[in-house]
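Undergrad: Residue numbers (our numbering), protein chains in the order written: chain X, 1 to 283; chain C, 1001 to 1197.
Mixed in with the good hints, there may be bad ones.
Stated by the list, open to error - If the Cβ cut is set under 8 Å, some of the chain X residues that face chain C in the computed set are: (1) 4; (2) 5; (3) 6; (4) 11; (5) 14; (6) 16; (7) 25; (8) 26; (9) 29; (10) 31; (11) 32; (12) 44; (13) 126; (14) 127.
Just so you know, the hints here were simulated from the structure itself, not pulled from any lab data. Just so you know, these numbers come straight off a predicted model, no measurement behind them. Backbone N, C-alpha and C define an ideal beta-carbon position, used for all residues, glycine too.
Here is how the chains run, residue by residue.
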Amino acid sequence: MTSVVLPAIIVAVIGLIMGIILTIASKLMYVPVDEKVAAISEALPGANCGGCGFAGCDDYANAFSENPDLSPSLCPVGGADVAAKIAGILGVEAGDVDPQVAMVMCTGNVSVTKQILEADRLHTCKDAKMFYGGQWACTFGCLGLGDCADACNYNAIFNAGGVAQVDKEACIGCGACSKVCPQHIIDMIPKKKLVHVACKSAVKGAITRRACSTGCIGCMKCQKACKFDAIKVENNLASIDYDACKNCGLCAKECPTGAILNQRVKKAPVQKPAAAEAAPAQA
Amino acid sequence: MTGILAIMMGVILTNNYVLSQFLGICPFLGVSKKVDSAVGMGVAVTFVMVLATAVTWPIQYLVLDRFGIGYLQTIVFILVIASLVQLVEMTLKKYMPPLYKSLGVFLPLITTNCAVLGVCINNINDGYNYVESLFCSAGAGIGFLLAMLLFAGLREKLEDSKGIPECFQGIPITLITASILSLSFMAFSGVVDGIFN
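Chain X with its partners taken away, still in its complex shape (with noise of 0.2 Å):
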């Protein structure tokens, strides 16, 4: 008898003093959660996309009780409503929403680009980076392959003869894309923002030249032409301040090779094409 009940009462026993452990434990080391952040976690969207910058709409709410002075108005999706509704939860001012859209930032399509390889047996992008840089001669550009319209939970994205673009309508500022792309021409930027230096060459520009005829060579005309200081060419590409820019367009206008791109203008569709992959650069 006593074989049995002496090791049944010490494993009782461990039990019971583990079980004792983890009770006083669990009382000792209470983390509050904050009924804030329950209440925020159910105003959000829940795509879970990352738009914010966090790993998921709850771990976006959970940054609240941790820094209480987040901005509010991180989520892409929810927009200024939801930036609204979470402000009220925390009793703060909403900031403003500034809705952002990602852009290929590049124009090298099939027509502009040398192309310097076939590119049957690619796959996806991150193979063509890996197999010599892609089928492109220009080594910045779009590679063309898609890996960032799969990325893609919104359709937002389509290949223009070679080159991704985004469909600024559908997109819904997540960034997904923008993490995928292995070259990194993604940009988000703010939505209201029509002038974009499409284009990402960093070589010298008669580099750029050799390889796509839509690439900026660094030649700094739009810089000159810019009066508001938005746009500064560095390591041979123009780069704008969105900040600083006011979509007037007048460097579009100076650009002798057509990478810097504006979407006021009424053909936006057509200049949409042409935005292609690969980026020259500018001197």
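Add chain C to chain X, keeping to what the hints say.
TA: Only chain C this time, still in chain X's reference frame:
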């Protein structure tokens, strides 16, 4: 000192818990899709292995052996390890939120990881003293981390490659990769003995 070094090298390379002793295969196959999460899992397992040994070794010698109920080892160890992991999770959540964030999701997965239980039991079976046991557990954890890291790296490359025949895609190629990795670790057998003896 040499003894401890020999134990650690042995358990990292020749007797790697995953690749030679086939313990902890579940997280090895399950959490090895990405290098980041594989490393997180590996570090968490190492941490729990050392802690579990630190607690189970005294229990074995001070409680079980004293009352002559060594046959209850398995059930008692499982009980202790599971509670311990819970406790660690709570402690981390309260006092080390950054560490909790990086290890947190892996901790519940480890509760019933057989590699952790295996290390605790093997330490007793091999008759190691307390210090040796702790180093052996640390080595086992590092070996697990090493295996996870190598395997996750290989799997990431395989994911990107479209050259795998259709019938091998997914689980089959993963298992084949695991077997080849395990095979390559067999090359270490004898190396450690050769160095330390």
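Undergrad: It remains to establish, for every hint, whether it holds in the given structure.
TA: Checked hints:
1. At its closest, the beta carbon of residue 4 of chain X sits 11 Å from a beta carbon of chain C; the interface hint therefore is violated under the 8 Å criterion.
2. Contact between residue 5 of chain X and chain C, as hinted, is not supported at the beta carbon level, the nearest pair being about 11 Å apart and thus beyond 8 Å.
3. A hinted interface residue such as residue 6 of chain X counts as satisfied when its beta carbon comes closer than 8 Å to some beta carbon of chain C; here the least separation is about 7 Å, so the hint holds.
4. Annotation: residue 11 of chain X was flagged as interfacial toward chain C, and the flag holds, the nearest CB pair being 6 Å apart, inside 8 Å.
5. With a cut of 8 Å, the hint placing residue 14 of chain X at the interface with chain C holds, because the nearest CB-to-CB distance is about 6 Å.
6. The beta carbon of residue 16 of chain X comes no nearer than 11 Å to any beta carbon in chain C, farther than 8 Å, and the hint placing it at the interface is violated.
7. The restraint placing residue 25 of chain X at the interface with chain C holds, with a minimum CB-CB distance near 5 Å, inside the 8 Å limit.
8. Interface restraint check: residue 26 of chain X against chain C, minimum CB-CB distance 6 Å, threshold 8 Å, status holds.
9. With 8 Å as the threshold, the beta carbon of residue 29 of chain X comes within range of chain C, its nearest partner Cβ sitting at about 4 Å, so the hint holds.
10. Below 8 Å, beta-carbon pairs count as interface contacts, and residue 31 of chain X has one with chain C at about 6 Å; its hint therefore holds.
11. At about 11 Å, the closest approach between the beta carbon of residue 32 of chain X and any beta carbon in chain C exceeds 8 Å, and the interface hint on this residue is violated.
12. Because the smallest distance between the Cβ of residue 44 of chain X and any Cβ of chain C comes to about 19 Å, over 8 Å, the interface hint for this residue is violated.
13. Below 8 Å, beta-carbon pairs count as interface contacts, and residue 126 of chain X has one with chain C at about 5 Å; its hint therefore holds.
14. Interface hint status for residue 127 of chain X: upheld, as the beta-carbon distance to the closest one in chain C is roughly 6 Å, under 8 Å.
Checked against the numbered hints above, the structure breaks hints 1, 2, 6, 11, 12 and satisfies the rest.
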